[in-house]
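Novice: Given the sequences, and given the hints that come with them, work out the whole structure.
Numbering-wise (UniProt numbering), the sequence shown opens with residue 1 and increments by one.
Please keep in mind that the hints were generated in silico from the structure rather than gathered at the bench. Incorrect hints may appear among the rest.
Only pairs whose alpha carbons sit at most 27 Å apart, straight line, appear in this in silico BS3-like list of lysine-lysine [claimed, not checked]:
(1) K251 with K221
(2) K353 with K60
(3) K249 with K290
So the derived label-pair ranges between C-beta atoms look like this [said to hold, decoys possible]:
(4) S129 with R360: 21 to 31 Å
(5) L296 with E330: 26 to 36 Å
(6) L242 with S293: 22 to 32 Å
(7) K216 with T15: 32 to 42 Å
(8) L349 with G126: 28 to 38 Å
(9) A235 with L96: 52 to 62 Å
(10) L335 with Q108: 36 to 46 Å
(11) T5 with I34: 38 to 48 Å
(12) E337 with A235: 48 to 58 Å
Glycine is no exception: its CB is placed at the ideal position from the N, C-alpha and C atoms.
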Amino acid sequence: MHWETIDRLQREMATKQQQQDAVMARFRQEVLPIEHQYVQALYDKTLRLISFADKKTLGKYNREALFSWIGEELDELFHYPFNEHLDLEALRQQFLALNTIADDEPTQYEIDEFRQYVKDEYGSDGQLSDAELIELMMNPEKMFNILDRLFTDAESIFDEDDYDYEDVDKAGLHDDDAGYDDDYGDGNEADDGRTDQKIDNAQQTLDGLLKSPEVKKMYKKLANILHPDREGDPAKKNEKHLLMVQLSKAKKNHDVWTILEMYHRYSDPDFHFSQAEIPAINALMQQRIKSLSAELAETENPSSLSGMIWEKFGAKTTRGIDNKFKKHNEKLHQLLEEQVQQRQQLRSLAVLKIYLAARRAAYEFEWQRGDFF
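Specialist: Spelled out as structure tokens, the structure:
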């Protein structure tokens, strides 16, 4: 029964590996070149954005919006999985150097724009002078202190959602957590001790299998079957040489499982052990089943490149895989075209300011909705 499960898992592993290899090969041929084009276009656009950062007429708010935009693009570049051909560290250092640029004082247009913002938000500008508005604009952290002084109801805007977590904690609402370690610690330690003892006992029994008469006979019979000098066909002779190396390595490393599996595959699939050794054999096979199940699950782990590609493009049918490749390539070409068009359009400060105005408007809308964080 265990052999049937092991054979099934190994077939599933072989099939899954074959499928993933095919999908990976197709990805490298059809998709990866476009991925590289996209991330290169994003890199080039980010360089173009950085080139505007030291413009004197950019203005404080536009510069802040520009820096935010550059930061977003850098974040995507650094986290993109196919960026290995780009010198991202040099790009980041170039961006960090921009932080030393001193902020210019706001232009009169920006001052008037901010005054109108205060009026819209608070119903009045509080007769703030241009100098006071500039102070607010240059030092945003002082903004609410000044607004509290000028607008008595300003603070109430932020009072509605206040919540004193310290008072809640003092009331003892988190006391239920205090006893978790005491309630469960001793039981877990006892379970761990029993598990460790079982593992030690099984390991001692398995180590003894290598010295058993059955395993010794298996090794000798396999060595006789797989000995390359007994093979006349050059291709088969080389294959048997590799198998003999594997068998010798298994004996040297006390790898009983490999000897059993090779005997099952190349000699006798229906061999039997003595009653005294059956428990150890069962434990060994159960361990193998557990290991194969873990390996099979790992093939779909998106943290690996092959797992990530399979998660993106894998499917039960060839048609399903074809559809996923088609949709991804269409979307990727669209994103690539957007990056190229933006870089081509960003040829002047005037065009950049149009983009930045749209981004600032979006930020302001999110802020007003409370979605900024």
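Novice: Does the alpha-carbon distance linking K353 and K60 stay inside the 27 Å limit?
Specialist: Within the cut-off at roughly 12 Å; holds.
Novice: Take the C-alpha atoms of K251 and K221, compute the straight-line distance between them, and say whether it is at most 27 Å.
Specialist: Within the cut-off at roughly 14 Å; holds.
Novice: Do L349 and G126 keep their Cβ atoms within the hinted range of 28 to 38 Å?
Specialist: The hinted range 28 to 38 Å holds for L349 and G126, with Cβ atoms some 33 Å apart.
Novice: Are A235 and L96 spaced within 52 to 62 Å by their CB atoms?
Specialist: Check passed, 59 Å falls within 52 to 62 Å.
Novice: Given the hint of 38 to 48 Å, check if T5 and I34 actually sit that far apart at their C-beta atoms.
Specialist: Cβ of T5 to Cβ of I34: about 42 Å, so the range 38 to 48 Å holds.
Novice: Could one say that the CB atoms of S129 and R360 fall in the range 21 to 31 Å?
Specialist: Since the Cβ atoms of S129 and R360 sit about 24 Å apart, the hinted range of 21 to 31 Å holds.
Novice: Mind checking the hinted window 36 to 46 Å against the Cβ distance between L335 and Q108?
Specialist: Given a distance of about 40 Å, which is inside 36 to 46 Å, the answer is holds.
Novice: Does the Cβ-Cβ separation between L242 and S293 fall within 22 to 32 Å?
Specialist: 27 Å, holds
Novice: Check the following: the C-beta atoms of E337 and A235 are separated by a distance inside 48 to 58 Å.
Specialist: Given range 48 to 58 Å: holds, Cβ gap about 51 Å.
Novice: Is 32 to 42 Å a correct range for the gap between the Cβ atoms of K216 and T15?
Specialist: Roughly 35 Å apart at Cβ, these two residues keep to the hinted range, so it holds.
Novice: Measuring from beta carbon to beta carbon, are L296 and E330 in 26 to 36 Å?
Specialist: 32 Å, holds
Novice: For the pair supplied as a hint, K249 and K290, confirm whether the alpha-carbon distance does not exceed 27 Å.
Specialist: Holds: K249 and K290 sit about 23 Å apart, inside 27 Å.
Going down the numbered hints, you'll see the structure goes against none, and every one checks out.
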